[in-house]
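Just need the whole structure built from these sequences, with the hints factored in.
Numbering (the numbering used here), first residue to last: 1 to 208.
Since the hints were made in silico from the structure, they are not lab data.
All values derive from a computational prediction rather than experimental measurement.
Don't take every hint at face value.
[Stated by the list, open to error] Now the in silico label distances, taken between C-beta atoms and shown as ranges:
1. 21 to 82: 16 to 24 Å
2. 88 to 131: 17 to 25 Å
3. 102 to 192: 29 to 37 Å
4. 19 to 182: 28 to 36 Å
For glycine and all other residues, C-beta sits at the position ideal for the given N, C-alpha and C.
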Amino acid sequence: MKGTLGPETNLEAIHSVEEQWVSLDGIRVRYLRSGSGPPLLLLHGLLGYSFSWRFAMPVLAQQATVHAVDMPGAGFSERPADLDCCLKASAERLLRFLDVVGLESCDLLGTSQGGAVAIMAAAIAPRRVRRLILVNPVNPWSAHGKRRANFLSSRPITPLFLRLAPRLTMTHHFILHRLFGDARRIRPGTLEGYSAPFALPADTDGLG
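Following this line, the structure appears as structure tokens:
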């Protein structure tokens with residue numbers, strides 16, 4: 001089945017992309033797969049999802065079997081309210097994702113918070129990560145990086161964020177606009193693409 005990279009992307013004009021769904025720890029997880037060759041797993045950053053790789057994926061797919069995952073709690077994957085999003089839990093969950101999709105090992109490319117998760121996964125199970133590629137990663141072992149990573153992925157933050165996420169479209173647009181030095185360089189569909197998952201309801205059972 002063909003999936004969607006985002007509202008601005010014409011899949012007919014690029015490498016064939018398949019949308020896949022798996023169950024991971026009882027959570028429905030979405031990922032995109034494309035290409036052939038050595039397996040390469042792409043990990044998005046905070047507020048991102050597989051859409052973040054929409055331009056890189058068709059290029060990388062010419063040399064690798066690319067998997068771009070929406071990590072649990074992000075993108076179109078399920079967002080359970082009790083999800084443990086600390087770095088260690090996220091890295092261990094990533095390694096279980098490899099089990100589910102049948103990857104004994106892979107090249108791992110992570111950006112921002114996804115880079116920190118990739119680093120942690122490589123530290124936990126080095127034999128499962130053939131090559132580690134990092135793009136502006138959060139360093140989970142630096143004093144500043146550890147505070148930032150733990151705050152952004154802490155369990156107290158996650159339930160609150162899940163409760164507010166469906167209402168955050170305007171806030172999300174504001175945040176994304178601030179990420180660009182020149183807002184005029186934002187391509188059509190970019191903000192809509194990043195904001196699309198925020199329109200989905202989150203599981204807020206048990207939040208009171």
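Numbered hints the structure breaks, given as an ascending list
none
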